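Build the full structure now, drawing on both the sequences and the hints.
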Amino acid sequence: MQGLVDFAGEIGNAMAILLPTFCYLMALASFLFAAWGFWMMAHPGNPFHGRPWIPFVSLVLCGAFASFDKVLTMANASAGTSLQVSVGALTSYVAPTVGTVIGTAPGDTVVNVVTLFQAFFQSFGAMACFFAVVAWRSVINGRSNRSQGGCLVQFTFGIMLVNILTITTWLAGVFQATA
1 MQGLVDFAGE IGNAMAILLP TFCYLMALAS FLFAAWGFWM MAHPGNPFHG RPWIPFVSLV
61 LCGAFASFDK VLTMANASAG TSLQVSVGAL TSYVAPTVGT VIGTAPGDTV VNVVTLFQAF
121 FQSFGAMACF FAVVAWRSVI NGRSNRSQGG CLVQFTFGIM LVNILTITTW LAGVFQATA
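First residue of the sequence shown? That's 1 in the numbering used here, and the numbers climb one at a time after it.
Mixed in with the good hints, there may be bad ones.
[To be verified] Cβ pair distances, simulated, as ranges: (1) 115 - 142: 38 to 48 Å; (2) 51 - 171: 36 to 46 Å; (3) 147 - 108: 15 to 25 Å; (4) 166 - 2: 18 to 28 Å; (5) 7 - 147: 29 to 39 Å; (6) 50 - 21: 27 to 37 Å; (7) 50 - 115: 50 to 60 Å; (8) 63 - 41: 47 to 57 Å; (9) 79 - 25: 46 to 56 Å; (10) 1 - 51: 51 to 61 Å; (11) 74 - 146: 16 to 26 Å; (12) 152 - 1: 29 to 39 Å; (13) 53 - 175: 39 to 49 Å; (14) 63 - 153: 22 to 32 Å.
Source of the hints: derived by calculation from the structure; they are not laboratory data.
Remember, it's a predicted structure, so these values are computed and weren't measured experimentally.
Just so you know, even glycine gets a beta-carbon here, dropped at the ideal spot from N, CA and C.
In structure tokens form, the structure reads like this:
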């Protein structure tokens, strides 16, 4: 089991390193798209005729991508948790050693397993939130056939993965109370 925990920790570490890179690249792309959009709005062949908000939304998303850790922290505060998100390389991450995974109740065992894989879940949740915002940008621009509600659901489940330990503890408490 220790090998699986180490592997999942390294995958989570890789995602935590790639996420800031993706965020800053999308911030740069959104800023350049907004600048191009404002410039094209002054031309007769305006591609945003009837949709003049697209360059403004892209400029706002540029700031959201550049400060994505603050966006995730605010989303966590809206979800009712006080988890501070730091979008940075987890260079000091060390996978926990697998001790006794079996708890006194099935809920305790599930919480112990989730604790072992918490770094992977949190990195994956932050990446899911990032791709939800990217998908929402393409929906707004008219490049994707997805719905805005689907992007919201993806972002919500990403926030739930960032707060996986809180949710797992709550679910284990709910099921232990009913048993």
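Violated constraints from the hint list, given by number and in increasing order: Hints 3, 8 and 9 are the ones this structure does not satisfy, whereas the remaining hints hold.
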